[in-house]
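**Q** Listed below, chain by chain, are the residues.
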Amino acid sequence: MSQKTGTSLGRVEDAAFLTGRARYIDDVRHPLLDGAAFVVFVRSTMAHARLVSVDASEAKNAPGVLDVVVGADHVVHPAGPTYGIPVGHVFTQPVLAETKVRYVGEPIAVVVAGTHQQAVDAAELVIVDLEPLVPVMDFDRALSDDVLLFEPGDAPQFQPSAGDHSTDGAENGNIAFETSLTAGDLNPDATVVVSERVWNPRQAPAPMEPRGIATAWDDAGDLHVWAATQRPHGFRAQLAEFYELPETNIHVIAPEVGGAFGGKVSRSVEEHILPALAQRVGRPIRWTDTRSEFLASGTQGRAERYDMTLHGTPDGMIRGIGVNLVKDLGAYPGVGTYLANGYTIPMACGTYDIGWVDFSVTCIVTNRITVGAFRGAGRAPYLAALERIIDIYANDIGMDPSDVRRRNLIQPDTMPVTTIAGATYDEADYPADLERVLAEAGYNDLRAEQVERRASGAAKQIGIGMASYCHKTAGGGGEEAHVRVNPDATAVVTTGTTSQGHSHATAWAQIASDVLGIDPANISVVEGNTDAIASGIGAVGSRSLQTAGLAIHNASTTIAENAKQLAAQLLEANASDVVLDTDTGSFHVVGTPAISVGWVDVAAEMTASPADTEGDELSCGEYYNNEGRDTYPSGAAVAVVEVDIETGHVRLTRFVSVDDAGIRVNPMIVDGQLHGGIANGLAQVFGEEVIYDDDGNLLTSNFMDYAIASIDWFPQFELHHAATASSHNALGFKAVGESGVMAATPAMHNAVVDALSHLGVRHIELPCTPERVWQSIAATVRTR
Amino acid sequence: MHHMNLDVNGMSYPITADASRNLLSVLRNEVGLTGTKEGCDDCECGACMVLLDGQPVNSCSYLAAQAEGRAVTTIEGLADGDDLHPLQAKMLELGGVQCGFCTPGMIMSAKALLDRNPEPSEEEIRIGLSGNLCRCTGYAKILAAVGEAAVEIR
Ligand code: FES
Ligand code: FES
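One line per chain: the protein sequences are A and B, in this order.
Read the first sequence against my numbering and you will find it ends at 793, with the numbers running on by one and no gaps.
Read the second sequence against my numbering and you will find it ends at 1544, with the numbers running on by one and no gaps.
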């Protein structure tokens, strides 16, 4: 059996998915869940209002109703979870609104009934009296503090975890968090100063499976939770805090999860109250939200406004970047505050050698849904703005955008390199990736074609856009893995990080197989179960491979070494002379492969001679901590679009990329991750955007109005690869889960503007809808 | 309450359910076949796609009672024992599955497409699957898998 890393093995987990046997949250059947009741939330219909009264009396008497709970009932702590890692000034969300509502969709009451339909019917009988307040939707209005979301005395008093929890919401007005970095020196030869405001519109993670949870208490008082979550251990920790239970009395299982993309990281108030309701009614409870409920109450992403200033020389040397970022965190800020310092500011230089940065971030609250994580969170919006301002600069100084990038990219011989923004990038060759993608795209021919089209005055003009990227992954910390070889020569790998489509079962089996010589088909992977392993952070921020992957490798290595000791006893040799042939999974004395023993023999030896063995040699747990040595997957992309200048319609004709994900365990899986990320990134240019009206009503609460990409949006993506081993871990791994997003948005965005640059168009806001494109063309015609 | 016999994957299931129940919910909760998924309940995502006498329908928006007397095929009815249907086998081989939530509906749509058009062009595959949303894959490998499965079936 040859080396598995680097092989595009078909996924070992696929048979269940392909035949309908895979069990997601709604498919879970368990004796503890028999007779489960259902809940429906009564939600705010106003973006900002005082909650005058809630009358649930009629609903309580409706058929099948077991319970109706409102905020004032205080069935759990008055304040809810903080949606992630709290930093700075945190405004927590009440589990059920008590005095005010702050977004359309905020839970006000919850109905528990025997059937889902009964709960739906009774929810309509709950009478909510709201007295409207002025909604804060506009960024500048939020900053002006003329209307505050949190007034003195508003903020809940519950302080769930470490961090600076100011309880007085009025202290900083509508500003949840501020941070900044100024570093380096600005070379005085930077006589060209280019500025532009670049918006990154709000998006919804929108995995195909909505959120869901099922919960029950057992007779011993233990809490059992099945949840579509990216972080079962994190969820358990929050439940422990919330319900004041030891973690050992809480059992969280993430079954198969139908995609997440950051939308299942944060523990929402809806998910937190369910165990309390199950306790009150003495029955298990299930909740799965509908698509429109998910789009109207699950956390969202992006929503960032960049005022970018680039300082450069007339001949294309970028000397400094000024950034003033305002992030809309929605009504109840959470992980967004952490991302600013943890992920956004460290990316200030992108892939470029820049001598000065001046970066400020202001996180505001508005009357919209909370912004949490979304594929590429904290990095993709900034990189999109940076790549955009570079194109504007190139345009202003009359230089080809590829030449500007060539002149400024970080050179490979300097890597690993610590930028002035404080990030240490691992090995990569950004210039080579750019040259390669330009060559693969046929850049010079494309430019020649563009010249021809422009000269012909055709309605359909072509635009060519590019972007270079690297992005911070892992974000410190580690993961635990446990590996065990069974007496029948099968193996089990258990990790705390879990998959929501990330293909862990195959990748983990490949990594273990390379060390143990056991066929990946005979290695099973256990994830998503807090009882199976003590700790886990989870698949967030592209981090599983370069943390859990190393832990699996190291645990497997320990087992292989132990097994050689056992094999040595059988072979009557010195352990140091015994080798494990990973092609065959057998042990022999070096030089005499004809006489060998296998895993079955070794396992039998372990149990047969208890006097000589520990009995657990073939089992090993490892925790791998990257100690801050994060990895930075990178690459470059070229997008080609055709823009109809009469209608504003944009068609993407080509998307070419070169991506460096480090050492790839399974190239097929890597391609799939890239494809998905690219589709997410491109969709933001096409038209995917969460839209609220001025009154704070959500206008995109179904898949008709919230347009995610369908199969007819894109041409075939043209992927090429670099595979530079990272020195930041022993196996050279980087990451890939979010990489596709990074260059896709700015490359296509730049292409759309490029198609119209000869008409005087300098910038178009995302998404580049036909209307917006047409209007920017019309505006230049008017000024000409 | 309505009594009906549903013919699902060649088996007959006597069902008693409210006449307003949709086919998706009856398949999942009464018949007990949970392979068919609900992604929107609004005819927008295709996760609930099943075949009715070979025609693709979104089972979330189809009354179970209307399926009486017609042959319902779900994802569970596609493989022949342990032998995967070529569409399933190609999805596995080419990496068309990630989280798997869209997969059953996607495969049922593809089956309906190949049944009526055994030699679809790339464009025709795109049109045939345009009612099935997938957030994970960017569709590239699904497109390839359906194309190759078509070749294999012919
Ligand atoms: S669940 Fe039927 S189309 Fe989405
Ligand atoms: S594989 Fe996850 S939605 Fe398609």
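Hint data in this document are derived by calculation from the structure and do not stem from the laboratory.
Remember, predicted model here, so these are calculated numbers, not experimental data.
Take these hints with a grain of salt, some might be off.
Examples of chain A residues toward chain B, derived with CB under 10 Å [stated by the list, open to error]: (1) 15; (2) 16; (3) 30; (4) 32; (5) 208; (6) 268; (7) 469; (8) 493; (9) 497; (10) 678; (11) 721.
Some chain A residues flagged as far from chain B (calculated, every beta-carbon gap over 12 Å) [as the list claims (entries may be wrong)]: (12) 20; (13) 436; (14) 680; (15) 682; (16) 768.
Facing chain A, according to a computed beta carbon distance under 8 Å, are these residues of chain B, among others [unchecked claim]: (17) 1402; (18) 1435; (19) 1481; (20) 1523; (21) 1544.
No residue lacks a Cβ here, since even glycine has one placed at the ideal position from N, Cα and C.
**Q** Hey, does residue 20 (chain A) actually stay past 12 Å from chain B on C-beta?
**A** violated (7 Å)
**Q** Go through the hint on residue 721 (chain A) and say holds or violated, using the shortest Cβ distance to chain B against 10 Å.
**A** holds (4 Å)
**Q** Taking C-beta pairs only, is residue 680 (chain A) more than 12 Å away from all of chain B?
**A** violated (7 Å)
**Q** Per the stated criterion, does the least C-beta distance between residue 682 (chain A) and chain B lie above 12 Å, as a non-interface residue requires?
**A** It is violated; residue 682 (chain A) is separated from chain B by about 8 Å at its closest Cβ, not greater than 12 Å.
**Q** Should the hint that residue 1523 (chain B) touches chain A count as held when the rule is a Cβ pair under 8 Å?
**A** Holds - the Cβ of residue 1523 (chain B) comes within 8 Å of chain A, reaching about 6 Å at its closest.
**Q** Against chain A, with CB atoms and a cut of 8 Å, does the hint on residue 1435 (chain B) hold up?
**A** holds (6 Å)
**Q** Report holds or violated for the interface hint on residue 208 (chain A), using the least CB-CB distance to chain B and a cut-off of 10 Å.
**A** Where the cut-off is 10 Å and the nearest Cβ of chain B is about 23 Å from residue 208 (chain A), the hint is violated.
**Q** For the restraint on residue 678 (chain A), tell me whether the closest CB of chain B is nearer than 10 Å.
**A** Since chain B brings a Cβ to about 6 Å from residue 678 (chain A), closer than 10 Å, the hint holds.
**Q** Report holds or violated for the interface hint on residue 497 (chain A), using the least CB-CB distance to chain B and a cut-off of 10 Å.
**A** violated (21 Å)
**Q** Taking the closest Cβ pair, is residue 16 (chain A) under 10 Å from chain B?
**A** violated (12 Å)
**Q** Grab the minimum C-beta distance from residue 469 (chain A) to chain B and call the hint holds if it beats 10 Å, violated otherwise.
**A** At about 19 Å, which exceeds the 10 Å cut-off, the nearest Cβ of chain B leaves the hint on residue 469 (chain A) violated.
**Q** Against chain B, is residue 268 (chain A) within 10 Å by beta-carbon distance?
**A** At about 4 Å, which falls below the 10 Å cut-off, the nearest Cβ of chain B leaves the hint on residue 268 (chain A) intact, so it holds.
Violated hints for the displayed structure, listed by number in ascending order: 1, 2, 5, 7, 8, 9, 12, 14, 15, 17 and 21.
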